[in-house]
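Each chain, written out:
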Amino acid sequence: MTVLKTENISIQFGGLMAVSNLSLEVNQGELVGLIGPNGAGKTTIFNMLTGVYKPTNGRILIKDRNDRLQDIGRLHPYQITALGMARTFQNIRLFKNLTVLDNVRIANHLNVEYNTIEAVLRLPRYEREEKRIKEQSMELLRIFNIEQKSDELAKNLPYGEQRKLEIVRALATRLHILLLDEPAAGMNPQETLELMDLIKYIRDRFKLTILLIEHDMKLVMGICQRIFVLDYGRLIARGTPEEIAHNPLVIKAYLGKEMENDA
Amino acid sequence: MSTKKTAVVCFLVVAVVLLLLYTLVALRIIDEYTSQVLTVAGINVIIALGLNLISGFTGQLALGHAGFMAVGAYTTAALVMKLNVPIFPAMLGGALMAALFGFLIGLPTLRLRGDYLAIVTLGFGEIIRVVMINLPKLTGGPAGLKGIPTFTTNFFWRPVLSFAMVYFTLALVVVFLSNLLKSSHGKAIISIREDEIAANAMGINVFYYKIFAFTLSAFIGGLGGALYAPFFGYLSPNMFNFQKSVEFLIIVVLGGMGNLTGTVLAGIGLTYLQEILRFLKDYRLVIYPVILIIVMIFQPSGVMGLFGNREFSLTAIINKLIGKSPNREKSADKAGEV
Chain A
1 MTVLKTENIS IQFGGLMAVS NLSLEVNQGE LVGLIGPNGA GKTTIFNMLT
51 GVYKPTNGRI LIKDRNDRLQ DIGRLHPYQI TALGMARTFQ NIRLFKNLTV
101 LDNVRIANHL NVEYNTIEAV LRLPRYEREE KRIKEQSMEL LRIFNIEQKS
151 DELAKNLPYG EQRKLEIVRA LATRLHILLL DEPAAGMNPQ ETLELMDLIK
201 YIRDRFKLTI LLIEHDMKLV MGICQRIFVL DYGRLIARGT PEEIAHNPLV
251 IKAYLGKEME NDA
Chain B
264 MSTKKTAVVC FLVVAVVLLL LYTLVALRII DEYTSQVLTV AGINVIIALG
314 LNLISGFTGQ LALGHAGFMA VGAYTTAALV MKLNVPIFPA MLGGALMAAL
364 FGFLIGLPTL RLRGDYLAIV TLGFGEIIRV VMINLPKLTG GPAGLKGIPT
414 FTTNFFWRPV LSFAMVYFTL ALVVVFLSNL LKSSHGKAII SIREDEIAAN
464 AMGINVFYYK IFAFTLSAFI GGLGGALYAP FFGYLSPNMF NFQKSVEFLI
514 IVVLGGMGNL TGTVLAGIGL TYLQEILRFL KDYRLVIYPV ILIIVMIFQP
564 SGVMGLFGNR EFSLTAIINK LIGKSPNREK SADKAGEV
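Which chain is which? The protein sequence lines are A and B, in order. Note that this note's numbering numbers the first sequence so that position 161 is 161, with each residue one more than the last. Note that this note's numbering numbers the second sequence so that position 86 is 349, with each residue one more than the last.
Simulated from the structure, these hints should not be mistaken for laboratory data.
As a list, the in silico BS3-like pairs of lysine-lysine whose alpha-carbon atoms are at most 30 Å apart:
(1) A:K96 <-> B:K445
(2) B:K583 <-> A:K134
(3) A:K134 <-> B:K267
(4) B:K583 <-> A:K131
(5) A:K218 <-> A:K207
(6) B:K267 <-> A:K131
(7) A:K252 <-> A:K5
(8) A:K149 <-> B:K267
(9) B:K445 <-> A:K149
(10) A:K131 <-> B:K268
(11) A:K134 <-> B:K445
(12) A:K134 <-> A:K155
(13) A:K155 <-> B:K445
(14) A:K207 <-> A:K149
Here are a few chain A residues that face chain B, going by a calculated C-beta distance under 8 Å:
(15) F89
(16) V112
(17) A119
(18) V120
Think of the CB as a built atom: it goes at the ideal place given N, C-alpha and C, for glycine as much as any other residue.
Pulled out of the complex, with its shape left as it was, chain A reads as follows (with noise of 0.2 Å):
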């Protein structure tokens, strides 16, 4: 079943048609790599599809939490978010001043179900759902074996583990589609291997549905099911990552390059 699926999208700022004629399709449970040489689209993409831009022509549609598809032309980044779909940035965007717990714990405002009088008056429902909260939020930390340092500032993480921490962030929303905007920017190749892994098992854990912009071409040929490939804006190819890795425009726009640089 399609939970993600953009129809012939493109967005122009001024003079420049930076995403043209762009449609994909993204399948419950899969996960699907977006790769292209820098400049190429791709974070825009991911703008559109939470919401921050909108785009010039086209429509996009993704699953909400009834398993219909629903058109979110006119919605806000924070509905889209609604509606169980979540992403991470590619320039960490942190709360950076708050602690760890917290950064989770906001990402839960979406499922908090005391208003602001039960808040300030510190009614029974509130101190509820405060616990759960707290419990849920370090429950996410632990899988990330970040529990530990729930109390300290989200600024004052290593950079593998902030990355790390936007990925429980975008958990805690509860959501069922995690767009990842180069998780694997900055790590070393160990931490690399380990995010490998960690992605598949929150995949299976939560049942998600994932989309990943990555340069670490191990990263994306390791884990990624199906491949988009996108040069100038264009989507120039798509298919697993063997038949990407042997097609020949892609080779030549982006990864025969890359590959004669690695060796």
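Got chain A sorted already, so can you dock chain B onto it with the hints?
Only chain B this time, still in chain A's reference frame:
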């Protein structure tokens, strides 16, 4: 000790401290001059707390809280004097009117990111002042509005009652804000300051919470004004000039943006300082900016930045006294410091 019991103890401690202060004022152990200064300080703190909510916690700079104070004060006075509304509903009316203004100003400006709110509130403060000057029927014009009924006409009880009203309200505002800011809704407000884009992506309706925080901030500003009118008995538009708005901002910055304890301490401290420096005449107005500059250079996170920006917590103290390990997550009612 359960959370509930701790809360009750907190409540009792606050009540006892307040009653003790009231008694000291009533017995004139705290002399009339001091209690007057403390009352003014209390009002300043209340308004500065309101300002801290929008500027310190939500991260949206506002420069017109003297305007909200004026709206609260003049509305209260008008309700009492023209419509014979009893004083307490009139004060509530004043605060609500300020909140309405806040809401209307916020509606167009808070959609935008950046310093638009600062510019618009700056203009608003001046507009209110000029309007008050030019509505002599309602406000007495530039000469000011005299003869506003005070809380009581009794010579003995007047300072006590003013003091009691202001500090009771202050305690309520502190408990309200501190509880709000610890809840998920308050955290949503703080997350806007930290990163608006990320907050939006985490499912927080950024615009709603900005409006909510700003309206509440204006309400608290109006409440300060509503307390001011019957305490002073006289209002003049020039009391609410830009200088006054900046005074509130200095309290917030000096105490630490986003720290309630700091605002309370800085508010009382600065109001006192202004009294102590009276012999300097107009030069004392220079002292404020000088202090601000010094703080910005050596301690940019404000006074409470020295203490890791922690809040004063009565609960933590109580838990420590009874030997329970301090638990930062428990309710931290900090009204006891007033």
